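Number of protein chains: 2
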Amino acid sequence: MINCILASTSTIHNSSYLEYLFNELKELFRNTDEVLFIPYARPSGISHEEYTTIAKKGFQKINKKLIGVHTFDDPIKAINNAKGIFTGGGNTFVLVAKLYELQLINPLRKKILEGTPYLGTSAGSNIAGVSMKTTNDMPIVYPPSFTTLHITPFNINAHYLDPDPKSTHKGETRETRIKEFHQFNKTPVIGLREGSWIRLKNNQCILEGKELSARIFEQNKEPVEVPPNTSLLYLK
Amino acid sequence: MINCILASTSTIHNSSYLEYLFNELKELFRNTDEVLFIPYARPSGISHEEYTTIAKKGFQKINKKLIGVHTFDDPIKAINNAKGIFTGGGNTFVLVAKLYELQLINPLRKKILEGTPYLGTSAGSNIAGVSMKTTNDMPIVYPPSFTTLHITPFNINAHYLDPDPKSTHKGETRETRIKEFHQFNKTPVIGLREGSWIRLKNNQCILEGKELSARIFEQNKEPVEVPPNTSLLYLK
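In order, the protein sequences belong to chains A and B.
Letter by letter, the first sequence follows residues 200 to 435 in my numbering.
Letter by letter, the second sequence follows residues 200 to 435 in my numbering.
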């Protein structure tokens, strides 16, 4: 039974790293004191070790020990043995390229489907979707595929941003980009605002978070806003 | 002798399609009445035909006939025979995937290197760089490679946007993304603001446009602003 939190962001404005999720994380990881950290998304290009140090400090506040998967000689075995897993945000292309390089896609998918508690933030949430084709990240490395873990039947667009009505900029809005995605792909997309997360547990899939709606994009339909506590199981 | 205009955007605020470039385009395409249009970037997912209709209207205002490459049975031949070429903006992934699918990368590169006048806007400028790894676009389709035409020894970041100091949003700024690119790649990047373009002509490579500086990113260096009329030949 899948047991995941897929969050739009690790950090919200005026709050420390993961702080807004501490209560959720205590519950998610209640059966383990040790969580395996996947630092491969390397935000701002920092090293695996630097990133793990940052994430460790967050998890210390809920009395959990975090161990970077990069410290194991055999990362597949590390994933197979994990009692809890956290994939942090950063660049989704860098993350996915590394997961393919180390052949971790299938072991990670299997572990999550078996019910190992999993936290994803930003890029770590993107990879739970059908593909990484709705990431906002810059394609700074070339992964062997855009196919990801397919834990959810939809894709997530993390850090979802509403169009700025005052903008004179001609670059595409997020909504325009996701509509372009649906010219080429059928997968529903959840525009997940910072402070929202998706909770998969007991065969449920619920939008949670601090009073924010999410924007749901389905092919050939007008996007709709859904409030917190909405079940997302209808999206396929 | 390369003869190109690589523009950040087709359209600036309070101006019609390509209008701010009309004088430049009259000069660029002065030796031909017919320009071949490459509509494969499909902005907002519109069809090749719809896109060509839009671009045609712009070119009518400078008395040039635009013909969509998609209307030819043999697009390689159409490129080989072109007296002028314009690649419009849209989604760079969609554009590059189609250029590879139709095996147009090498013919297009060859034509431009031979001196055929070329206009690129947005995605059409991105592809003139070493790779498409500094596009802002969403990876809605999977191209067989991120390698592009390599007309310039640098990459372009079109629609370059400065960080908003008032923002509380946690998504990466454009500058952060380009700095991440340089953790993995050596290619210099030109952050080209809307209203700026790069003019390649007579073995020169000059930043042009309406009084805007461009932001130059080189690996292991602090980014710098360069004013219009700066030669960009030093970037390798």
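Be aware that one or more of the hints could be misleading.
You can't tell identical chains apart in this list, so a pair holds if it fits in one copy or across any two.
Stated by the list, open to error - In the SDA-like style, the derived pairs of lysine to any residue whose C-alpha atoms are separated by at most 25 angstroms in a straight line are: (1) K435 - V340; (2) K385 - T429; (3) K420 - T270; (4) K385 - I304; (5) K255 - Q382; (6) K435 - N384; (7) K378 - S344; (8) K365 - N419.
Simulated from the structure, these hints should not be mistaken for laboratory data.
Please read all numbers here as calculations on a predicted model, not as lab measurements.
Now the hints, each set against the structure:
{"no.": "1", "hint": "K435 - V340", "verdict": "between (30 angstroms within a copy, 20 angstroms between copies)"}
{"no.": "2", "hint": "K385 - T429", "verdict": "within (21 angstroms within a copy, 46 angstroms between copies)"}
{"no.": "3", "hint": "K420 - T270", "verdict": "neither (46 angstroms within a copy, 31 angstroms between copies)"}
{"no.": "4", "hint": "K385 - I304", "verdict": "within (22 angstroms within a copy, 29 angstroms between copies)"}
{"no.": "5", "hint": "K255 - Q382", "verdict": "between (41 angstroms within a copy, 23 angstroms between copies)"}
{"no.": "6", "hint": "K435 - N384", "verdict": "within (13 angstroms within a copy, 38 angstroms between copies)"}
{"no.": "7", "hint": "K378 - S344", "verdict": "both (22 angstroms within a copy, 24 angstroms between copies)"}
{"no.": "8", "hint": "K365 - N419", "verdict": "neither (28 angstroms within a copy, 36 angstroms between copies)"}
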